[in-house]
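Residues in the sequence shown are numbered consecutively from 1, following the numbering used here.
Warning: the hint list may mix true and false statements.
Claimed, not checked - With a Cα cut of at most 30 angstroms, we get these calculated DSS-like pairs of lysine-lysine:
hint, residue 1, residue 2
1, Lys25, Lys89
2, Lys84, Lys25
3, Lys25, Lys92
4, Lys92, Lys79
5, Lys89, Lys79
6, Lys79, Lys25
What the hints assert, rightly or not - Label pairs and their computed distance ranges (CB to CB):
hint, residue 1, residue 2, range
7, Asn54, Gly85, 28 to 36 angstroms
8, Lys92, Leu40, 22 to 30 angstroms
9, Arg93, Ala41, 34 to 42 angstroms
10, His20, Leu40, 15 to 23 angstroms
11, Phe87, Ile16, 31 to 39 angstroms
12, Val56, Arg93, 16 to 24 angstroms
13, Thr11, Ala39, 19 to 27 angstroms
14, Thr11, Glu83, 29 to 37 angstroms
15, Glu83, Thr4, 38 to 46 angstroms
16, Arg81, Phe3, 15 to 23 angstroms
17, Thr4, Arg93, 38 to 46 angstroms
No lab work stands behind these hints, which were simulated from the structure alone. Since this is a predicted model, take the numbers as computed values, not measurements. Ideal Cβ positions, reconstructed from N, Cα and C, are used throughout, including at glycine.
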Amino acid sequence: MNFTGLIIAITTFIVIGFFHPIVIKCEYHFGTGCWWAFALAGVLFIASSLVVSNDVASPVLGVIGCSCFWSILELFEQKERVEKGWFPKNPKRTTTQK
């Protein structure tokens with residue numbers, strides 16, 4: 001039996017679940033100004049996926065890279081959710097990031 005697809009699918013599910021609270025915490029503590037960290041991480045993971053020859057590691061690195069890029073969008077959407085009052089606003093952060 002070939003478990004490669006199953007391993008990648010489970011890992012994708014875990015990565016998505018892992019990034020959800022990361023985005024919430026990053027927006028809470030840093031605002032949207034930390035988007036560049038997600039972009040840099042995404043580029044590094046995607047580049048790594050291109051040079052790794054392992055049949056499981058390469059797609060997993062690609063999934064993590066794409067999740068980093070998707071997190072940029074989610075970061076700005078999280079800002080909107082905070083403005084709507086769906087999530088708590090950080091009272092210690094007085095400046096707003098664009």
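### Task
Assess, step by step, whether the Cα of Lys79 is no farther than 30 angstroms from the Cα of Lys25, and give holds or violated.
Since the Cα atoms of Lys79 and Lys25 sit roughly 11 angstroms apart, the hinted pair holds (cutoff 30 angstroms).
### Range hint 19 to 27 angstroms (beta carbons of Thr11 and Ala39) holds or violated
Distance hint for Thr11, Ala39 holds at roughly 22 angstroms.
### Phe3 and Arg81 - C-beta distance against the hinted 15 to 23 angstroms
37 angstroms Cβ-Cβ, so the 15 to 23 angstroms window is violated.
### Task
Could you tell me whether the CB distance from Asn54 to Gly85 stays inside 28 to 36 angstroms?
violated (45 angstroms)
### Query
Does the hinted range 31 to 39 angstroms hold for Phe87 and Ile16 at CB?
This hint is violated: roughly 18 angstroms between Cβ atoms.
### Message
Does Lys79 sit within 30 angstroms of Lys89, going by the straight-line distance between their CA atoms?
### Response
holds (9 angstroms)
### Query
Taking the CB of Lys92 and the CB of Leu40, does the distance hold inside 22 to 30 angstroms?
holds (25 angstroms)
### Query
Is the Cα-Cα distance between Lys84 and Lys25 30 angstroms or less?
With Cα atoms ~17 angstroms apart, Lys84 and Lys25 stay inside 30 angstroms; holds.
### Message
Please check whether Arg93 and Ala41 have a Cβ separation lying inside 34 to 42 angstroms.
### Response
violated (22 angstroms)
### Message
For a C-alpha distance cap of 30 angstroms, please report whether Lys25 and Lys92 respect it.
### Response
holds (14 angstroms)
### Query
CB of Val56 to CB of Arg93, is that within 16 to 24 angstroms?
Taking Cβ atoms as reference, Val56 and Arg93 lie about 40 angstroms apart, which means the hint is violated.
### Query
That 38 to 46 angstroms hint for Glu83 and Thr4 (C-beta), does it hold up?
holds (42 angstroms)
This entry does not satisfy hints 7, 9, 11, 12 and 16, going by the numbered hints stated previously.
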